[in-house]
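Protein chains in written order, with the working numbering: chain L, 1 to 99; chain Y, 1 to 719.
I should point out that these hints are in silico values taken from the structure, not numbers from a laboratory.
Misleading hints may appear alongside valid ones.
From the structure, some residues in chain Y lie toward chain L, with a derived Cβ separation under 7 Å [claimed, not checked]:
(1) Gly587
(2) Lys616
(3) Glu624
(4) Gly638
Covered, in the sense of this in silico footprint (three residues per stretch, anywhere, with C-beta under 8 Å from a C-beta of chain Y), are these stretches of chain L [what the hints assert, rightly or not]:
(5) 8-15
(6) 41-49
(7) 61-72
Away from chain Y, derived, C-beta distances all over 10 Å, residues of chain L [said to hold, decoys possible]:
(8) Ile3
(9) Thr4
(10) Lys5
(11) Arg19
(12) Asn37
(13) Gly38
(14) Ser53
(15) Ser54
(16) Arg58
(17) Asn77
(18) Lys79
(19) Asp93
(20) Ile94
(21) Asp96
(22) Glu98
(23) Asn99
The beta-carbon is built from N, C-alpha and C at its ideal position, and this holds for glycine as well.
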Amino acid sequence: MNITKEQNGNELTIAVEGRLDTITAPELDKELSTVLNGITKLYFDFDKLDYISSAGLRVLLSAQKVMSKQDGMVMRNVKPEIMEIFEVTGFVDILDIEN
Amino acid sequence: MRKKILRVILLTIAIIIIAVCGLFFTQMMTIQKILVDGSQKASDRVKSMSEDAMTAEISEYLKESASARAEIADEEFADVLSSSKSIAACASYIYENRDKYGKSTLPHYTSQNYGEYGTVCAYGEGVDPESEEVQSELALISNLQGSLKAINELNPAIATSYFATETGLYVGNEIISDINVYSNEKPVLFDGRERPWYKEAVEEGGAVFTGIIEDADTGRSAVTCGVPVYKDGVLIGVAGAGMYLDIIRENIDSYRIGADGFACVVNSQGQVLFSGTDTGPLAVSDDADNDLRTSSNKTLATLTNDALAGVSGIRLIRLDGEEYYAAFEPMTTVGWAYFTVLPKGEVTKPTKDLLAELNKNDMEQKDFVASSILSSILYGIILLLLVGLLASIASRRLANKLSDPIVMLTDKVSKLEGDSLDFEWDTDTGDEVQKLAESFGSMTSRMKQYIKDITEITAEKERIGAELSVATNIQASMLPSVFPAFPNRREFDLYATMEPAKEVGGDFYDFFLIDDSHLGLVIADVSGKGVPAALFMVIAKTLIKNHAQEGESVDDVLAISNNQLCEGNGEEMFVTAWIGVIDLKTGVMRYCDAGHENPYIIHSDNTVEMLVPPKKRPPLAAMEGMKYIPNETTLRKGDSLYLYTDGVPEATNTDNELYGTDRLMRVLEEKGNEELSALLHDIRKDVDEFVGDAPQFDDITMLAFRLNGFTGEESNEAV
Numbered sequence: 001m002n003i004t005k006e007q008n009g010n011e012l013t014i015a016v017e018g019r020l021d022t023i024t025a026p027e028l029d030k031e032l033s034t035v036l037n038g039i040t041k042l043y044f045d046f047d048k049l050d051y052i053s054s055a056g057l058r059v060l061l062s063a064q065k066v067m068s069k070q071d072g073m074v075m076r077n078v079k080p081e082i083m084e085i086f087e088v089t090g091f092v093d094i095l096d097i098e099n
Numbered sequence: 001m002r003k004k005i006l007r008v009i010l011l012t013i014a015i016i017i018i019a020v021c022g023l024f025f026t027q028m029m030t031i032q033k034i035l036v037d038g039s040q041k042a043s044d045r046v047k048s049m050s051e052d053a054m055t056a057e058i059s060e061y062l063k064e065s066a067s068a069r070a071e072i073a074d075e076e077f078a079d080v081l082s083s084s085k086s087i088a089a090c091a092s093y094i095y096e097n098r099d100k101y102g103k104s105t106l107p108h109y110t111s112q113n114y115g116e117y118g119t120v121c122a123y124g125e126g127v128d129p130e131s132e133e134v135q136s137e138l139a140l141i142s143n144l145q146g147s148l149k150a151i152n153e154l155n156p157a158i159a160t161s162y163f164a165t166e167t168g169l170y171v172g173n174e175i176i177s178d179i180n181v182y183s184n185e186k187p188v189l190f191d192g193r194e195r196p197w198y199k200e201a202v203e204e205g206g207a208v209f210t211g212i213i214e215d216a217d218t219g220r221s222a223v224t225c226g227v228p229v230y231k232d233g234v235l236i237g238v239a240g241a242g243m244y245l246d247i248i249r250e251n252i253d254s255y256r257i258g259a260d261g262f263a264c265v266v267n268s269q270g271q272v273l274f275s276g277t278d279t280g281p282l283a284v285s286d287d288a289d290n291d292l293r294t295s296s297n298k299t300l301a302t303l304t305n306d307a308l309a310g311v312s313g314i315r316l317i318r319l320d321g322e323e324y325y326a327a328f329e330p331m332t333t334v335g336w337a338y339f340t341v342l343p344k345g346e347v348t349k350p351t352k353d354l355l356a357e358l359n360k361n362d363m364e365q366k367d368f369v370a371s372s373i374l375s376s377i378l379y380g381i382i383l384l385l386l387v388g389l390l391a392s393i394a395s396r397r398l399a400n401k402l403s404d405p406i407v408m409l410t411d412k413v414s415k416l417e418g419d420s421l422d423f424e425w426d427t428d429t430g431d432e433v434q435k436l437a438e439s440f441g442s443m444t445s446r447m448k449q450y451i452k453d454i455t456e457i458t459a460e461k462e463r464i465g466a467e468l469s470v471a472t473n474i475q476a477s478m479l480p481s482v483f484p485a486f487p488n489r490r491e492f493d494l495y496a497t498m499e500p501a502k503e504v505g506g507d508f509y510d511f512f513l514i515d516d517s518h519l520g521l522v523i524a525d526v527s528g529k530g531v532p533a534a535l536f537m538v539i540a541k542t543l544i545k546n547h548a549q550e551g552e553s554v555d556d557v558l559a560i561s562n563n564q565l566c567e568g569n570g571e572e573m574f575v576t577a578w579i580g581v582i583d584l585k586t587g588v589m590r591y592c593d594a595g596h597e598n599p600y601i602i603h604s605d606n607t608v609e610m611l612v613p614p615k616k617r618p619p620l621a622a623m624e625g626m627k628y629i630p631n632e633t634t635l636r637k638g639d640s641l642y643l644y645t646d647g648v649p650e651a652t653n654t655d656n657e658l659y660g661t662d663r664l665m666r667v668l669e670e671k672g673n674e675e676l677s678a679l680l681h682d683i684r685k686d687v688d689e690f691v692g693d694a695p696q697f698d699d700i701t702m703l704a705f706r707l708n709g710f711t712g713e714e715s716n717e718a719v
């Protein structure tokens, strides 16, 4: 898994590449715990995300809970297979996913 | 350690001692050699110097003594000559001045005068004492008595002094005896003209020495000198003096040099007159014809000739096979020669004696040096032994001193066996050992602390492990695991398994009868692993079961449970869940989904159908106040329901491929009508084969239900 960050003022875009599963999720969790300070709007770029497990969903949920107190968190470029997971798990109802 | 140090020190000392011994011995030997060589050189040098010096010295002495002795002897002759000449001068004067002299008479001696010196007269053959002319001439020459007397008295070497006339008269001053005194008034008959000294002097026409003659009166060996007296060219008589040769003999006899050195006098005829030796060519010979000048011994002959010709010197000659140094000196007055002779051996003898003495000294010195060296070596050895002894004692103590701390340290360290790590160091050795011991002490105390810490940590881990194991057991025991679960209900079958990836998992399944005809099935997956997930799972399971058993609708069960789980969910966990409540009388199943995997329905004809709800909803605990949607389907007799968690489709092999739902459906289609336990076992087996060596990341939980018939049907009543 690769994580790329791009900050624009108070907005931060995090691009996640590869698999976000039990092994890699803690890495993203750790990353988020340090970079979110002072960020008002968070974007996830999932253009190159291949797979997300429940551990990955948990990290997103955790970030969602933090960002919901600011200007929110948006998923971008979500591929169909990831979208399917979001749908299957019902996360489409919680997450703000950009079309 | 101690032995090693001791060995090194002793070895060093031994090497030093051996080196010192070697040096000492070499020095001693060198000293001895120097002494011996030095003494040899000295002895050689002394020999050559001494021999040369002695030869020179003795030669010189021989020469000088020959010269001196010859001069002394010659002086006697000179005295006689000059006395004779004096008498001749007196006589000549008397005859020249006859008128000035009166008639003199000679004293009259009697036998009482025997032994005294007196002037006597004598007459030759045919001379008439009564003749006036004879008496007149006797009276004239009697005037010589004073001169004769004076000469005799002045010169002890002169035995007689006399004057004899051509006329046959003789006046002489000599010792009175019966032969020269008038006895019975008879004149003494003695013809001076017949004596050798008279004849030879006349023949010579000048002063002359006779050979050795017998004294006319005493018969003693004597030499006489004669000096002719002329008046107007006419021979008047001969004056002379006689000298006993006792003084020359004494001169020769008294000559002593060395043991066998001697002197001798050779006359002008080459005859040995006096000699200090009785043997050899230089002894006095009875043979009157023995002439050294013509000796067959050429060197001796030459030497004699040279000496008689007035040459002096010293030569090496050979006499009777032995070498001699011979000094020769002419006696010019008498025309003789004086020899002093010394065997060559005598010249070198002092040197030999000296050398012998030196050698003796050398030997003594060598012995002394050797004994000194021996005793020095002995003392040296004793000293070295003492030093060695002291050194070994000292080195033993040094070795102890060096090794004691190490030995002590080793002892203390070797006591650190097993669990004992108590290291006490209460000595201050002040060296590296001290530092080592201190370091070791701090190391052991740190080790003790580490061991204590590790023990505590291990105990803690074990405790946690034990607790986890208990938690696993609790979790396992919380899930209904006795099959058949409802042995009295033949109308349905149930089977479930759960295999956590860690000690405790986050998955759970549940089934329970709400009433006689309603069976609740639950399967859920807590996000996260381990104890937090397990605890969350316990809460979720309890909430869902409680609410379901209270008869609430499935959507309310999830909605209420969701809200309760959201409270105090600090860990941001969530639970995907699926609940179904089956009316066992009709097969109608009301179910509700909260983000969980969709179950499969396996029909009795082995067709498999995924039970997809019209609308998927988020998992529990994700967001408060969620509404869940109830759905309904109807199970036919013989239908099976297969519930699972994402551990099944998301099982991953080493190529990161997912097991997926297609594989799952195929197994379900193939094995769908097996016994439920066999079905779950085969699915698990297929998953395991797919995964291979890749580790299991997620809990794998499955629940299968099969509707054999409906409750109330006769065939399903308990027997």
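Here's how the hints hold up against the structure:
| no. | hint | in the structure |
| --- | --- | --- |
| 1 | Gly587 | violated (26 Å) |
| 2 | Lys616 | holds (4 Å) |
| 3 | Glu624 | violated (11 Å) |
| 4 | Gly638 | violated (28 Å) |
| 5 | 8-15 | violated (count 0) |
| 6 | 41-49 | violated (count 0) |
| 7 | 61-72 | holds (count 3) |
| 8 | Ile3 | holds (18 Å) |
| 9 | Thr4 | holds (21 Å) |
| 10 | Lys5 | holds (21 Å) |
| 11 | Arg19 | violated (7 Å) |
| 12 | Asn37 | holds (18 Å) |
| 13 | Gly38 | holds (21 Å) |
| 14 | Ser53 | violated (6 Å) |
| 15 | Ser54 | violated (5 Å) |
| 16 | Arg58 | violated (4 Å) |
| 17 | Asn77 | holds (22 Å) |
| 18 | Lys79 | holds (15 Å) |
| 19 | Asp93 | violated (5 Å) |
| 20 | Ile94 | violated (5 Å) |
| 21 | Asp96 | holds (12 Å) |
| 22 | Glu98 | holds (18 Å) |
| 23 | Asn99 | holds (18 Å) |
When the structure is compared with the earlier hints, violations turn up for hints 1, 3, 4, 5, 6, 11, 14, 15, 16, 19, 20 and for no others.
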